[in-house]
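A.B. asks: Below are the chains, spelled out letter by letter.
2 protein chains.
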Amino acid sequence: MTEPAGTSGNPNAHVPGMPVVAVIGDGQLARMMQTEAIALGQSIRLLAGTPDSSAAQVAADVVLGDYTDLDDLREAVRGVDVMTFDHEHVPTGHLRQLISEGVNVQPGPEALVNAQDKLVMRRRLREIGAPVPPFAAIESVEDADAFFDAVDGAVCLKARRGGYDGHGVWFPATRKELAELTTKLLDAGTPLMAEQKVALVRELSAMVARRPSGQVVPWPVVESVQTNGICTEAVAPAPELSEELAERARQLAVSIAEELGVTGALAVELFEFRDGNGQPTIAVNELAMRPHNTGHWTQDGCVTSQFEQHLRAVLDYPLGSVETTSPVTVMANVLGGDADPELPMARRMADVWERFPAAKIHLYGKTWRAGRKIGHVNLAGDDLPRVRREANLAADYLVNARWADGYTV
Amino acid sequence: MTEPAGTSGNPNAHVPGMPVVAVIGDGQLARMMQTEAIALGQSIRLLAGTPDSSAAQVAADVVLGDYTDLDDLREAVRGVDVMTFDHEHVPTGHLRQLISEGVNVQPGPEALVNAQDKLVMRRRLREIGAPVPPFAAIESVEDADAFFDAVDGAVCLKARRGGYDGHGVWFPATRKELAELTTKLLDAGTPLMAEQKVALVRELSAMVARRPSGQVVPWPVVESVQTNGICTEAVAPAPELSEELAERARQLAVSIAEELGVTGALAVELFEFRDGNGQPTIAVNELAMRPHNTGHWTQDGCVTSQFEQHLRAVLDYPLGSVETTSPVTVMANVLGGDADPELPMARRMADVWERFPAAKIHLYGKTWRAGRKIGHVNLAGDDLPRVRREANLAADYLVNARWADGYTV
Numbered sequence: 001m002t003e004p005a006g007t008s009g010n011p012n013a014h015v016p017g018m019p020v021v022a023v024i025g026d027g028q029l030a031r032m033m034q035t036e037a038i039a040l041g042q043s044i045r046l047l048a049g050t051p052d053s054s055a056a057q058v059a060a061d062v063v064l065g066d067y068t069d070l071d072d073l074r075e076a077v078r079g080v081d082v083m084t085f086d087h088e089h090v091p092t093g094h095l096r097q098l099i100s101e102g103v104n105v106q107p108g109p110e111a112l113v114n115a116q117d118k119l120v121m122r123r124r125l126r127e128i129g130a131p132v133p134p135f136a137a138i139e140s141v142e143d144a145d146a147f148f149d150a151v152d153g154a155v156c157l158k159a160r161r162g163g164y165d166g167h168g169v170w171f172p173a174t175r176k177e178l179a180e181l182t183t184k185l186l187d188a189g190t191p192l193m194a195e196q197k198v199a200l201v202r203e204l205s206a207m208v209a210r211r212p213s214g215q216v217v218p219w220p221v222v223e224s225v226q227t228n229g230i231c232t233e234a235v236a237p238a239p240e241l242s243e244e245l246a247e248r249a250r251q252l253a254v255s256i257a258e259e260l261g262v263t264g265a266l267a268v269e270l271f272e273f274r275d276g277n278g279q280p281t282i283a284v285n286e287l288a289m290r291p292h293n294t295g296h297w298t299q300d301g302c303v304t305s306q307f308e309q310h311l312r313a314v315l316d317y318p319l320g321s322v323e324t325t326s327p328v329t330v331m332a333n334v335l336g337g338d339a340d341p342e343l344p345m346a347r348r349m350a351d352v353w354e355r356f357p358a359a360k361i362h363l364y365g366k367t368w369r370a371g372r373k374i375g376h377v378n379l380a381g382d383d384l385p386r387v388r389r390e391a392n393l394a395a396d397y398l399v400n401a402r403w404a405d406g407y408t409v
Numbered sequence: 410m411t412e413p414a415g416t417s418g419n420p421n422a423h424v425p426g427m428p429v430v431a432v433i434g435d436g437q438l439a440r441m442m443q444t445e446a447i448a449l450g451q452s453i454r455l456l457a458g459t460p461d462s463s464a465a466q467v468a469a470d471v472v473l474g475d476y477t478d479l480d481d482l483r484e485a486v487r488g489v490d491v492m493t494f495d496h497e498h499v500p501t502g503h504l505r506q507l508i509s510e511g512v513n514v515q516p517g518p519e520a521l522v523n524a525q526d527k528l529v530m531r532r533r534l535r536e537i538g539a540p541v542p543p544f545a546a547i548e549s550v551e552d553a554d555a556f557f558d559a560v561d562g563a564v565c566l567k568a569r570r571g572g573y574d575g576h577g578v579w580f581p582a583t584r585k586e587l588a589e590l591t592t593k594l595l596d597a598g599t600p601l602m603a604e605q606k607v608a609l610v611r612e613l614s615a616m617v618a619r620r621p622s623g624q625v626v627p628w629p630v631v632e633s634v635q636t637n638g639i640c641t642e643a644v645a646p647a648p649e650l651s652e653e654l655a656e657r658a659r660q661l662a663v664s665i666a667e668e669l670g671v672t673g674a675l676a677v678e679l680f681e682f683r684d685g686n687g688q689p690t691i692a693v694n695e696l697a698m699r700p701h702n703t704g705h706w707t708q709d710g711c712v713t714s715q716f717e718q719h720l721r722a723v724l725d726y727p728l729g730s731v732e733t734t735s736p737v738t739v740m741a742n743v744l745g746g747d748a749d750p751e752l753p754m755a756r757r758m759a760d761v762w763e764r765f766p767a768a769k770i771h772l773y774g775k776t777w778r779a780g781r782k783i784g785h786v787n788l789a790g791d792d793l794p795r796v797r798r799e800a801n802l803a804a805d806y807l808v809n810a811r812w813a814d815g816y817t818v
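Order-wise, the sequence lines are chains A and B. First residue of the first sequence? That's 1 in the working numbering, and the numbers climb one at a time after it. First residue of the second sequence? That's 410 in the working numbering, and the numbers climb one at a time after it.
Looking at chain A on its own, in the form it has when it is part of the complex:
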């Protein structure tokens, strides 16, 4: 008996004739892809680890399984039009195998490997002429020592794989500390690289979406504010960024997408710093080949959100307009605080809306855990300082259930 197309999970979730996108990963990025899929007349097929995960809560076609298990992946992609991801951790070998079995994988493993391994990525970027801070593979304490000398002690040590949100990144203050860290991590089996710390002005993010057939569309460049290695705020467009530097950042992201063969959304996280002549310049920090925290503002500040654009891109549909709908849009993350306040989240939302009727709250269906990304607030307007202040007040209130500025009703 031949199985009809697209019927691995729940065939009722898909209208005949419309494409089915399999999303590997069950976090908030998959969840927000589902909202956009719905508008496009679709519903995603989800490979989820648990039935109550952020994305599984809101999808009718869920395959439960493990993204490191080839058979689970096979089950999740049976009959779909395209397979995509909400993270970069699916083993490359599995993806190659699936491609050999005829699966349409976007972005493909040759691109993804650059988002999986920080050393591979930097070597590739250097190869294509993209600016990156000086870096080296660290396979011994001798490597670490040599790099320490080469960059005058300004060392950032990174795990090559698996880091995120400040995890897997260390800033050793001394040669001794670097040596000890290196020994400990290598002994634990963590492949390492090191990179020169730049004299950071701020962080920027240049996002693009690219179709398999070639079209690339860059969004406006945003400023990304990091707190303890986690993105906590994005301001679109990046304030006081010269048009020349913005254009350079966009072109850099476009050329990385093209040279690396990225499809779907690509976030190029950038350092802005001063060059030897004191002029502002940029270098690549990290790449993410999927919708990204620094692109959440597009949901409420741009004609086409990153989640819709990602789906369109991996399906090889023409990309949408990235015109902004407001002079400024600020995204502020809602991260679980030290404790979960007694006031229920629903009441906190109500309090935020009472004070800021234009605040767009996006929650991920996650329960509290210290430091966990549980949502974000988008706010659009024309008065930058005010929009920033209000977006951050709103996000902070959702975390702490009290107004950081002492406001009382």
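If you're looking for bench data, these hints aren't it; they were derived computationally from the structure. Mixed in with the good hints there might be a few duds.
[To be verified] A partial selection of chain A residues facing chain B, derived with a Cβ cut-off under 7 angstroms:
| id | residue |
| --- | --- |
| 1 | Ala39 |
| 2 | Ser43 |
| 3 | Asp52 |
| 4 | Val303 |
Please read these numbers as outputs of a predicted model, since none were measured by experiment. Glycine residues also receive a C-beta, built at the ideal position from the N, C-alpha and C atoms.
Once you have looked at the hints, place chain B on chain A.
C.D. replies: For chain B alone, coordinates are given in the frame of chain A:
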């Protein structure tokens, strides 16, 4: 054993501590409520007739059942915070029973009855001083005859219940035709009323949302273009509408919501016509107590969409800003044409986006049927004639797979 709250359908679909909204009805309005529920950290509980219906395709918590069956309704609302609707056809008696069992029903049966029965609605509107065209109950051919005389033959005959999209509305040209229609319909058991045809300038729609605790927020008034009794286009805000008349329309909608105790979204469909002095004026045509076709533009042209606002309103959350995000937004419906073109819908979407990158396509997960509402296109911009033309070209292309203006690539 006590059952935990919110676990009638799929408990995994809901994060602990967040409210659960039960939506009765499985069409596109429920589908679009789900997209907004997702952003708010929720997921709707759906009472659906079939597992592949428009809304059931995209919801993880679906109770299959019949909205006229009290036990099915009970099953659907078990443990939820509030029960709401994507149509007005749930029997009022059932709603009263559920309320007596402690269910929070929004809007309640006392309000809903006015959207269920056109005669009850008109009597109530007259009572509260809202402008309505002259009308009468039609229980016999004598009633029809008398009304025909009273309005000089300008008769619109309507089924009191169950009409939509031009169904249940007749325009008899002669006294004889009216008598024959009346006899036939009354014999078939269709309760009737008649209303004077107005010398229509155009149709408008004034929408508001209202919370149980009283807050009411009106959206900008839109022009609604009807073709064969079906809304095919909405233009927001209504072009060349005087601020005085717009304000009167908004105030009328607000006072209807208040007087009738409507909660959630309320659409007041209006006739604009000339009064005895040749001055433009308005009268109420129909009421809908739920998100409405004339409010779809809010998804891409307003800070708060009608679907988000409806959920917030029935949950008694503070309502969101209804600022427009663009000078003009046009919604054009995609209605199944006489035949379904060979070109698959996915390719039609691609062609539309190729030509109009800013077109926002919303599809409902429905297959083709002549005249069926299968989606809509929203387009925002600042040049009204151009936006209207392009939105309609895009919607028309999705229906017919050819450009009405002869455009070729």
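A.B. asks: Less than 7 angstroms between beta-carbons is the criterion; does valine 303/A satisfy it with respect to chain B?
C.D. replies: This interface hint holds because 5 angstroms falls under the 7 angstroms limit.
A.B. asks: With a cut-off of 7 angstroms, does the beta carbon of aspartate 52/A approach a beta carbon of chain B closely enough for the hint to hold?
C.D. replies: Hint holds; aspartate 52/A Cβ to chain B Cβ min 4 angstroms, cut 7 angstroms.
A.B. asks: Is the hint on alanine 39/A kept, meaning its closest Cβ partner in chain B is under 7 angstroms away?
C.D. replies: Holds, about 5 angstroms.
A.B. asks: Less than 7 angstroms between beta-carbons is the criterion; does serine 43/A satisfy it with respect to chain B?
C.D. replies: 5 angstroms, holds
Violated hints are absent here; each numbered hint is respected by the structure.
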